[in-house]
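Quick note, the sequences are listed as chains A and B, same order.
Counting in the numbering used here, the first sequence runs from 1 upward without gaps.
Counting in the numbering used here, the second sequence runs from 458 upward without gaps.
Lysine to aspartate or glutamate pairs mimicking EDC-like chemistry, simulated, CA-CA at most 20 angstroms apart:
hint, chain 1, residue 1, chain 2, residue 2
1, B, Lys479, A, Glu119
2, B, Lys548, A, Glu154
3, B, Lys548, A, Glu159
4, B, Lys475, A, Asp363
5, B, Lys475, A, Glu119
Derived coverage of chain A by chain B (criterion: at least 3 residues anywhere in the stretch with Cβ under 8 angstroms from a Cβ of chain B; other residues may be distant):
hint, segment
6, 145-152
7, 216-223
8, 375-381
The hints are simulated quantities; they were obtained by calculation from the structure and are not laboratory data.
A quick note: this is a predicted structure, and the numbers were derived from the prediction, not measured.
Note that the Cβ used here is the ideal one computed from N, Cα and C, for glycine as well.
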Amino acid sequence: MTARALLGLAAANVAVLVVGSCLLWGARGLRSWAEVARLSGLAYMVGVAALGVAFTLELVLGVQLGLATMAITSLVLAAAGLALARALGRPRLLGLGEDRRGLGLLAVSYVALVGVYLEALFRAGRLAPLSNFDGWAFWVPKAKAIYFFGGLDEQFFRELANPTYPPLVPALEAAAFHAMGSADAVTLHVQFWFLLTGFVAAIVGLLAPRVRAPVLWPVLLLVLVAPRVVNRALEPQADFLLDYFFALAAVLVALWLVERQPWQLALASLFLAGAMLTKREGQLLAACIVVAALAASWSTRRTAWPRLVLAGASALALALPWRIWFESRGLTGELPASGFLGLVDHLDRPWPALQSVVDALLDTGLWLFAIPLALASVVLALAGGARILPAYAALVYCLSAAGFVWVLWSFTELELPYEQDEGVNLLVRLCGSLVVVSAGLVPLLLDAAWRGSDAVE
Amino acid sequence: MAFCVAMSLVVGLVYFAKAVDKLGTDASANADANDDDRALAGGNSLGVAQEALIQARGLVPERGAYRLVLGPDATNIGQFARYFLMPRRPKADARWVLCYACDLSSLGNDVVVVWRDDAGNAVGRLPA
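Sequences and hints are given; from them, build the entire structure.
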């Protein structure tokens, strides 16, 4: 843990922000510096997802992933964003922007609160030991293997636990090691602080023009101070990054359903690819978003469905090479041993599995009341007159919860009712995705309830 | 809807205070720990012998390989040793040996003991 490591990490994250900003400019266009500032969190997360996906593809293709490769990849992605902006005729930035209202008193108060929270989290994380089992058992060793050997080292990636887990997070951690100048597993926690900060800024930047501050900030703070988030968000493993990608994809698809801006779906597709390459359950969560969006856009299916299918297929195409890589090497463990049809041999499992999922989702000691709040928001939005957003959100929550039940049902080695210590609890990790997505979907739903419709006038 | 927002506000503020307090305590505890404690935190929960791993890391060359030999009553520290000793590779026939509460004589008479402690942990090297 040195100042050099911290400065290197900060510089690397600025580079990620620059890459993401170029891509965002290409995909969406940025009209003013005020808009650049507002969407800087989204730009950063776009950079994280794009670089993570690119690094993963390079690893699969056998490219040596050292500092030079990472720098070149960043430059190529940034150039691609700028070229896209030019090809699509995106206008140059015009000064500070016309909207100079600034933040209201309430928003400023919450910015201060969230700032204090993030500062406290940074202080706790910068010297945190790596005591989490999954972190030292396979996530960080995989990152070290990439850092030391430059690729998917056959021995380590075969012998370490969960060999079929995608290497996006280890690749990003390896990049952080390069930026820090050593495989510093202590300072690595700070990288996860950057990811959390970027996610918070992304949600605020996306929703601020649409959702009123008194609705947006209390919900966001409620999710941030949930005990599980406070205790685990900086652990160097994939769970929370998966949750951030899932949440951003879900929010962008929700916005696309009511605003139909192409960039929203394009970026959602990138985040879906990121989610699928972060953890295997990312595939399940991505499928839930796509199916929920298809159902919620039933009335406009002729125009909406081809675009949604294209977005889902593009994400899947980016995730496919990793699957080919591990299957070609005979690595297993991705799917339940009993197979898809083995479910019918275990009909005693779905009910206790459902009970376990409900218990985990409603555990106020971990999540406060984020999930009941989400359910109430769906009902309020429906009662208020909105249709698309509550239908979509309800399906995202229900399909995901059903997916978690399927996981417990089909992985028969898991004893039911599922009661593991929180630190190694698979179900708690899964449920985290629905809590984190609530930071974005609940404000949208409450805002729709307030307006009495899905659309913004 | 106002009730939902108000509840979020109240609960959020209460837990905000708790979170900041807890994070401050964590920060102090982390700052009080030394570098070895931080580096070996995962292994400490397994009860690993810190000195044995630190010695192995210092003695086995970075691009070298080691074999871990566990005594019959020793905790299986294989996973943690692999994490801690990287980029050194675990290898069944490596010349460098990390003997963890094991019987050194089981490796034959040629092993050169470079470091050992009273608990039966040792780092040694076998001839090529």
